[in-house]
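Asks: Residue-level listing of the chains:
2 protein chains.
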Amino acid sequence: MTFLFPLLATATDTDDSSIVLAGVLLSLVVIYLASKLGSELSNWVGLPPVLGELVGGVVVGVSCLHLLVFPEVAPSTSSVITSFLQSTVGLSPQAAADAWETQSEVLGVMAELGAIVLLFEIGLESNLKELLAVGFQAAVVAVVGVVVPFAAGTVGLITLFGIPPIPAVFAGAALTATSIGITSRVLSELGRLNSPEGQIILGAAVIDDVLGIIVLAVVASLAKTGAVDVSNIVYLILSASGFLLGAVLLGNIFNKSFVVIVDKLKTRGELVIPAFIFAFLMAYFAAAIHLETILGAFAAGLVLEETDQRKELQKRVIPIADMLVPIFFVTVGAKTDLGVLNPAIPSNRAGLIMAVFLIAVAILGKLSTALAIFGNKQINRMAVGVGMIPRGEVGLVFVGIGSKIGILSKPLEAAIIMMVILTTFLAPPLLRLVFPQPSVDVAEIPDS
Amino acid sequence: MTFLFPLLATATDTDDSSIVLAGVLLSLVVIYLASKLGSELSNWVGLPPVLGELVGGVVVGVSCLHLLVFPEVAPSTSSVITSFLQSTVGLSPQAAADAWETQSEVLGVMAELGAIVLLFEIGLESNLKELLAVGFQAAVVAVVGVVVPFAAGTVGLITLFGIPPIPAVFAGAALTATSIGITSRVLSELGRLNSPEGQIILGAAVIDDVLGIIVLAVVASLAKTGAVDVSNIVYLILSASGFLLGAVLLGNIFNKSFVVIVDKLKTRGELVIPAFIFAFLMAYFAAAIHLETILGAFAAGLVLEETDQRKELQKRVIPIADMLVPIFFVTVGAKTDLGVLNPAIPSNRAGLIMAVFLIAVAILGKLSTALAIFGNKQINRMAVGVGMIPRGEVGLVFVGIGSKIGILSKPLEAAIIMMVILTTFLAPPLLRLVFPQPSVDVAEIPDS
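So the sequence lines, in the order shown, correspond to chains B and U. The first sequence lines up with residues 1467 to 1914 when you count with this note's numbering. The second sequence lines up with residues 1467 to 1914 when you count with this note's numbering.
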């Protein structure tokens, strides 16, 4: 396609921002093609569409076609899109590298906005009362699902592999937090978000995330200073509980004013804009107290689910989610470097044996939560356990911080990444297996 | 709100991308508040909502509250949001500057995506056959609307103000191109997009943009080398005509395969994702041949308007536009530095007199297109002239390139910026004045 640009370099000054825009447009085309081909194929063979989006991301990403490569993941790999733009527009290598950097930052933020919109939509489809009704059960599941893999992972790494205590604790901690994004999307695709199992998984995943943040703070301060900063831990626990409680309590007051405000608005975006002001503010507040932004968005969705505009808002959020959420899933796939799974590379072999151990602990540890279900015999215990399996981006945050502090050996780091990849990609098909019913129609919004 | 972060700096390593995300989230909250307050107030006093979004942008932008400041517009002004994040998170000045830079790039791209979605939506609401039916009339209007202000502006600057020929030609060229974004949004708000006047304005604005690109290439090569690069001009004319013709012809074939493909898709985003793949590709192709991205998106919308899925697609694009388009309008306002209008600053005074002249030429030059309407006596001639007045971002592109080449004196540059500001902000209320009927309801989609 170089014929399009024969005179472009001389035509006018091509400034950097137009190159970045061109790169973002082409990247979005690649992302949407990967997500649609992936989700349709996955659905066609009877697997959850989101698995296809993740695999589509792997295909276009750093492991395969190199169309969508992020400098922070693979600084030495060049992006095909950037090279294409560089050769067609005649950029200097430095300008091309800068454009690639900026374009990746833009796509990274859009992927995070995708995750925020996803959890906002999940919140809108969930019901706070039902969630609180299973609250105690969910808390027990969450605690078991954090303690068992953490303890088993840490002890196993120390005794079986001779890993020093601090890195072992860190790796054990990486086994704890569930990826709420992937599980909730699969549950939504299966039409099981509002089943008792779905509510327990969702509630436990939220509590899990909070526990994961606390565990991370503990092990990070342990790794850096050798001691635990107790005041910091107390602060985190108080602010996290305060945030979740405050969201629920203030939400009951706020959702009435939301209805009154929205009724008064007469220009376009009268429902979507106030809703997103609230969702983005909550996401920011969550980030400010060191929770994940997506927890804030989920809380915002839960609050607005209580309003009369729920149905209409759900309908309007769907196209926005359709546009932004694939950026998140494809990016997760594109950043996944399957190179760590290659046994031909010597340094991977030591990691592979540890990875087998970590994967077993990761899966069995979360399946053990099935034993933590009490009372109601009707509940599909296996489904709850399986729903907690994917570690997704949360596990990778641990790896990122671990390698920044410099406490993870190369094989241990690779083993954790393998554990994250396997649990993330295994959970969607396993979930469909334990929920054998056919999925609901694509256009149908589950009543809530 | 500093109480939120007492221990944040010590809690974990706050990485740059989470600061950028926090900055983007807060900026989006500011943008949405400004756009909603602005559009509602504007609508309430009987002015077009989009004027309120622009003014809302001015209020939060570089001229006033400094909440939304872009480094490329005001490198020495600090952004309040960045300062807030810097003080709460404890960033170094360099890290804060980097985060501000990246955050602004992200918002800049999102604003451009907003403009792309806006013109895609306008394309979906327009009708290709009706547009082609007024094609010759629109072309005559466009040529008159380019030639008259260009000639009057250039000659006037040389004879009345003693400006050397090359800068005068450049300033004259800046008077030519209509801002399709602002006019089309106002027409849509007034429910007049598919009136004969609306179609003529839209058609003329598209041709205008193409003419503007050609004029820019001519004067830029004139300014840089003192001669006109004829082969480049021929290339630009051929590629622009080829693009527009190709879009129309290929569109007729493509929209059938679009329908077939969309009917086969079964997972979420089955309509929105293929539509945006097409729109973003067309936007990229337009940019690749040095047209504006928004022309590509408009052509994509026109093509898909011919399909059976038109109505459903229009409905789903609305929430996406509601979310992205305000970023574009508020950003235009936020980047507008009203400081150039301040007569207390000595260097502004010379510019002010020239600005009065340029504004008169800009308005009268476009109003003269009313005389270029032939045949049909039913057409509101004044409305067509008024619809062509706003220069918007296109005029600012001229200023940007002019100051990069270094041929515009400070007063002349300020005068062009004042002309752009005044024409942009005057056009929406004037358009409502010449189209006195009440606007259609916000939720109604005009049949097309």
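It is worth saying that the hints were derived from the structure and are not from the lab. Ideal Cβ placement from N, Cα and C applies to all residues, glycine included. It is possible that some hints are incorrect.
Claimed, not checked - 30 Å max Cα-Cα, derived DSS-like pairs, lysine-lysine:
| id | chain 1 | residue 1 | chain 2 | residue 2 |
| --- | --- | --- | --- | --- |
| 1 | U | Lys1876 | U | Lys1690 |
| 2 | B | Lys1690 | B | Lys1595 |
| 3 | U | Lys1876 | U | Lys1595 |
| 4 | B | Lys1781 | U | Lys1722 |
| 5 | B | Lys1732 | U | Lys1777 |
| 6 | B | Lys1777 | U | Lys1595 |
| 7 | U | Lys1690 | B | Lys1777 |
| 8 | B | Lys1722 | U | Lys1781 |
| 9 | U | Lys1876 | B | Lys1732 |
| 10 | U | Lys1732 | B | Lys1777 |
| 11 | U | Lys1730 | B | Lys1777 |
| 12 | U | Lys1722 | U | Lys1732 |
| 13 | U | Lys1732 | B | Lys1781 |
| 14 | B | Lys1690 | B | Lys1730 |
| 15 | U | Lys1777 | U | Lys1595 |
| 16 | B | Lys1781 | U | Lys1690 |
| 17 | B | Lys1732 | B | Lys1690 |
| 18 | U | Lys1777 | B | Lys1730 |
| 19 | B | Lys1730 | U | Lys1781 |
| 20 | U | Lys1690 | U | Lys1595 |
| 21 | U | Lys1732 | U | Lys1690 |
| 22 | B | Lys1732 | U | Lys1781 |
| 23 | B | Lys1777 | B | Lys1595 |
| 24 | B | Lys1781 | U | Lys1876 |
| 25 | B | Lys1722 | B | Lys1732 |
| 26 | U | Lys1690 | U | Lys1730 |
| 27 | U | Lys1781 | U | Lys1722 |
| 28 | U | Lys1781 | U | Lys1730 |
Stated by the list, open to error - Cβ pair distances, simulated, as ranges:
| id | chain 1 | residue 1 | chain 2 | residue 2 | range |
| --- | --- | --- | --- | --- | --- |
| 29 | U | Ser1542 | B | Ala1810 | 51 to 61 Å |
| 30 | B | Lys1870 | U | Phe1627 | 29 to 39 Å |
| 31 | B | Leu1711 | U | Ser1483 | 52 to 62 Å |
| 32 | U | Ser1542 | B | Ile1703 | 20 to 30 Å |
| 33 | B | Thr1543 | U | Leu1715 | 51 to 61 Å |
| 34 | U | Pro1902 | B | Leu1711 | 29 to 39 Å |
| 35 | B | Ile1632 | U | Ser1483 | 47 to 57 Å |
| 36 | B | Lys1870 | U | Arg1815 | 20 to 30 Å |
| 37 | U | Ile1811 | B | Thr1543 | 26 to 36 Å |
| 38 | U | Leu1531 | B | Gly1692 | 10 to 20 Å |
| 39 | B | Val1694 | U | Val1539 | 20 to 30 Å |
| 40 | U | Leu1715 | B | Leu1716 | 51 to 61 Å |
Asks: Could you work out which earlier hints the structure fails to respect and list their numbers in ascending sequence?
Replies: Checked against the structure, the hints that fail are numbers 2, 3, 6, 7, 9, 14, 16, 17, 20, 21, 24, 26, 30, 31, 32, 33, 34, 35, 36, 37, 38, 39, while the rest are satisfied.
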